[in-house]
Amino acid sequence: MTIQDAWQPFREALEAPLKKAREWKSKTGGKVVGHLVPDVPEEIIHAAGALPVALEGTGVQITRAQAHIPGYTCNNAMAALELGLRGDLDVLDAMVIPYLCDTTRNLFHIWDHCFPKMNNEFLRLPKRIGYPGAESYLRAEFTRFMEAMGNLTGSEVVESELTESLILYNKSRTRLREAYARHQRQPSVWTAERVQMLIGSSLRAPRADHLAWMDDLPWENNASEDSESRMSLYVRGKIWDPPGILGILDSLGFQVVRDEVVTGFRSIAQDAALNGDPINALVKRHLAATPYPGYHLKPSELVERFVERVRESNARSVLFLNPKFCEAAAFDAPDFQEGLKKAGIPSLVLETSAGGAPVGQIRIRLEAFREMIAGDLP
Amino acid sequence: MAHQQGKFIAYVNAFTPVELAYAMNMIPIYPENHAAIIGARRQTVEVAQAAENMGYSMDLCAYARCDIGSIKTGISPTWGLPKPDLIMISNSQCGTLAKWFEVISRIYDAPMVLIDVPQSGRGERDTAAEQYVRSQLEDLVGVMENITGRSLDQDAFRETIRLSKEASDLWTRVLETGAVTPSPITVFDQFIAMAPIVAQRGTQVAVDFYKNLLAELDQRVAEGKGAIENERFRLFWDNLPIWPELRRLSLFLEDRGISLVTSIYTWAWANMAVGVEDPLGDWTTQYLYTTNMHMRRRVDAYVEIAEKYHLDGFLYHSNRSCKYVSQDIPEVRRAVTDLTGIPGLIIEADHNDPRLYSPETLENHIDGFLDLISSQRKED
Chain C
1 MTIQDAWQPF
11 REALEAPLKK
21 AREWKSKTGG
31 KVVGHLVPDV
41 PEEIIHAAGA
51 LPVALEGTGV
61 QITRAQAHIP
71 GYTCNNAMAA
81 LELGLRGDLD
91 VLDAMVIPYL
101 CDTTRNLFHI
111 WDHCFPKMNN
121 EFLRLPKRIG
131 YPGAESYLRA
141 EFTRFMEAMG
151 NLTGSEVVES
161 ELTESLILYN
171 KSRTRLREAY
181 ARHQRQPSVW
191 TAERVQMLIG
201 SSLRAPRADH
211 LAWMDDLPWE
221 NNASEDSESR
231 MSLYVRGKIW
241 DPPGILGILD
251 SLGFQVVRDE
261 VVTGFRSIAQ
271 DAALNGDPIN
281 ALVKRHLAAT
291 PYPGYHLKPS
301 ELVERFVERV
311 RESNARSVLF
321 LNPKFCEAAA
331 FDAPDFQEGL
341 KKAGIPSLVL
351 ETSAGGAPVG
361 QIRIRLEAFR
371 EMIAGDLP
Chain S
1 MAHQQGKFIA
11 YVNAFTPVEL
21 AYAMNMIPIY
31 PENHAAIIGA
41 RRQTVEVAQA
51 AENMGYSMDL
61 CAYARCDIGS
71 IKTGISPTWG
81 LPKPDLIMIS
91 NSQCGTLAKW
101 FEVISRIYDA
111 PMVLIDVPQS
121 GRGERDTAAE
131 QYVRSQLEDL
141 VGVMENITGR
151 SLDQDAFRET
161 IRLSKEASDL
171 WTRVLETGAV
181 TPSPITVFDQ
191 FIAMAPIVAQ
201 RGTQVAVDFY
211 KNLLAELDQR
221 VAEGKGAIEN
231 ERFRLFWDNL
241 PIWPELRRLS
251 LFLEDRGISL
261 VTSIYTWAWA
271 NMAVGVEDPL
281 GDWTTQYLYT
291 TNMHMRRRVD
301 AYVEIAEKYH
311 LDGFLYHSNR
321 SCKYVSQDIP
331 EVRRAVTDLT
341 GIPGLIIEAD
351 HNDPRLYSPE
361 TLENHIDGFL
371 DLISSQRKED
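Each protein sequence line maps, in turn, to chains C and S. Going by this note's numbering, the first residue of the first sequence is number 1, and it counts up by one from there. Going by this note's numbering, the first residue of the second sequence is number 1, and it counts up by one from there.
By construction, these hints were calculated from the structure, which means they are not laboratory data. Wrong hints could be hidden among the right ones.
FRET-style restraints, in silico, Cβ to Cβ [claimed, not checked]:
1. C:Q66 / S:A179: 19 to 25 Å
2. C:S160 / S:A156: 52 to 58 Å
3. S:R355 / C:Q66: 17 to 23 Å
4. S:T285 / C:E304: 34 to 40 Å
5. C:N280 / S:R162: 56 to 62 Å
6. C:G344 / S:R355: 47 to 53 Å
7. S:D169 / C:K341: 51 to 57 Å
8. C:N280 / S:E360: 56 to 62 Å
9. C:K341 / S:Q49: 18 to 24 Å
10. S:D139 / C:E304: 20 to 26 Å
Nothing here was measured: the structure is a model prediction, and the numbers come from that model. Virtual Cβ for every residue (Gly too), placed ideally from N, Cα, C.
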């Protein structure tokens, strides 16, 4: 297998996840469970014997969804609905919509109305993640979710099976973190685009297969590149949107040293502990994760902790990929930027997705941002 | 001034236990109401632009932009709002408020308590969520006691609850008069008259106000006097008002013989009463299952209202500033019309930002809708 070929299965899994899910289904006879990231515990779905497939809105042309949900809705919700309405999600046996914000709450209602024959699950995630009661609530909710998945597949999930799933997913995350670290040392081979493709595809492909495919990647060449000329960047956002954004960052000489994107590093940052009750381990991992913008902590700490995370990454600049119409991200951005400004770290907010800036314009803005930070301007 | 009188300031939203605040010697303040007044006074553009210049996207709720911009500029129809000692909020109403109040908490360096209410998918009972919400309410009492330096006065609490229930019951009866033909009150009147039930429930002021209002409405009903002179059409208003167009729209509708007889928005405060036996339990149930209205329950309620209020049509305000109430409107409209045969019109606007809609377009759409209803009547 050539080096180029080694990336191919990941590309296919990322670009045509539903086609791949269909193949998996016909081969195994298993159930396919779609979900809107973030924070759906894939391990529970896996332990029930089903295939979790993440859905996201990037690059989907909206034509039907606006008859069911207004245009001032984020692309992630609209695109999921669009895919369903045009029949692309027929392969799904169930759909999980996590409660993250008002839009996901409403989307569930609409989804349930539009697709009554699908097994639709609303995963009620607590927002007050620093509050002790959130932990016991989430434990009850994950337990309920596990029962629902067991009912779907007809196979009650027992603790040992869930632990096996945790082990598999931990191994996968460990490997993905190694790939992320390679991007720091060899950014021309392990580009941001390729590494994020690895992470994104892991949320869609059978995880054991994905882990095996990773063995064929070019791990042998371990020599560090000179990355002095690259501009270190920290990224906060929901998904990598618009399509091609990572290629733009690579080509402009940015190096993503850390990100909080929910289909990016955030999804691989932490493993679940293996020395106890597996549901508890998933709950603790969830509560320890970098808070999604819709989650609540002491407001001043939200800003302080963010700036601290950026500082720890040694990034020289920060990029916010704020999906248009995402209220949580838009409310955070001004104070987060102000916090960065006080710390002497330049930042840029890009409003992405539906109705956001076209890709060409985004490239120009990023180019200007890089020039400004590097002091390259005449 | 509040501190000089031994009182504290609590910022709250519509669905928070304000009765507790009154009993704890705290004055509840509603940033939402302040923003609505800015909208009704047509000051939105000036203050919202100040927030947008701070980096707050124009896609965010216009109430939030008005409130943040007002703090920034000092422009306010009420000479601003006092600095909060506590910010308490439940996200039973929407998630937007939680994020908006986080910003205010940072501006004033004020403590914030979020009562996190897990939204139900289909309105099913969730006992774990009940424990979660209740424990947060119990903790809120402790936070208030720490801030005020006094324990909750149970007698004062019971009295506040009694007054709150009385006001809520009176408000419910006020709204029910809209079922009479001709209706003695329109939704525009309700938008104005709702201020005490929102901001002063738990006080004698609210009780007295609604007693007087109800007496006036009963008198009108007895005399067969409608709120508008020639009631031809009876419509339902969905969602928040368009505050900057309150007067224009009310005159436009009155001119065409349209009486807006009821609205889900004003009904939101109709069943807010809690009992003295277990108020925290009652609030828990309310926030989880009542104020947090999921789509199916909303459709069922509209079908019932259509019959009770003899509706000719529904006006659905697709409100850019309130995704929570607006995003499922296309499905609600479809389902309600399927079940009742009563048509509904979706109008695209905003509750506070006149830059986001055109009143002329709204009026044209409503005229077209009236033609439809009129032609249906002829066919009948």
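Hint-by-hint comparison with the structure:
1. C:Q66 / S:A179: 19 to 25 Å: Check failed, 35 Å falls outside 19 to 25 Å.
2. C:S160 / S:A156: 52 to 58 Å: holds, 56 Å
3. S:R355 / C:Q66: 17 to 23 Å: At roughly 22 Å between Cβ atoms, C:Q66 and S:R355 fall inside 17 to 23 Å, so the hint holds.
4. S:T285 / C:E304: 34 to 40 Å: holds, 37 Å
5. C:N280 / S:R162: 56 to 62 Å: violated, 44 Å
6. C:G344 / S:R355: 47 to 53 Å: Distance hint for C:G344, S:R355 is violated at roughly 36 Å.
7. S:D169 / C:K341: 51 to 57 Å: holds, 52 Å
8. C:N280 / S:E360: 56 to 62 Å: Holds: the Cβ-Cβ distance is about 59 Å, inside 56 to 62 Å.
9. C:K341 / S:Q49: 18 to 24 Å: The hinted range 18 to 24 Å holds for C:K341 and S:Q49, with Cβ atoms some 21 Å apart.
10. S:D139 / C:E304: 20 to 26 Å: Holds, at about 23 Å.
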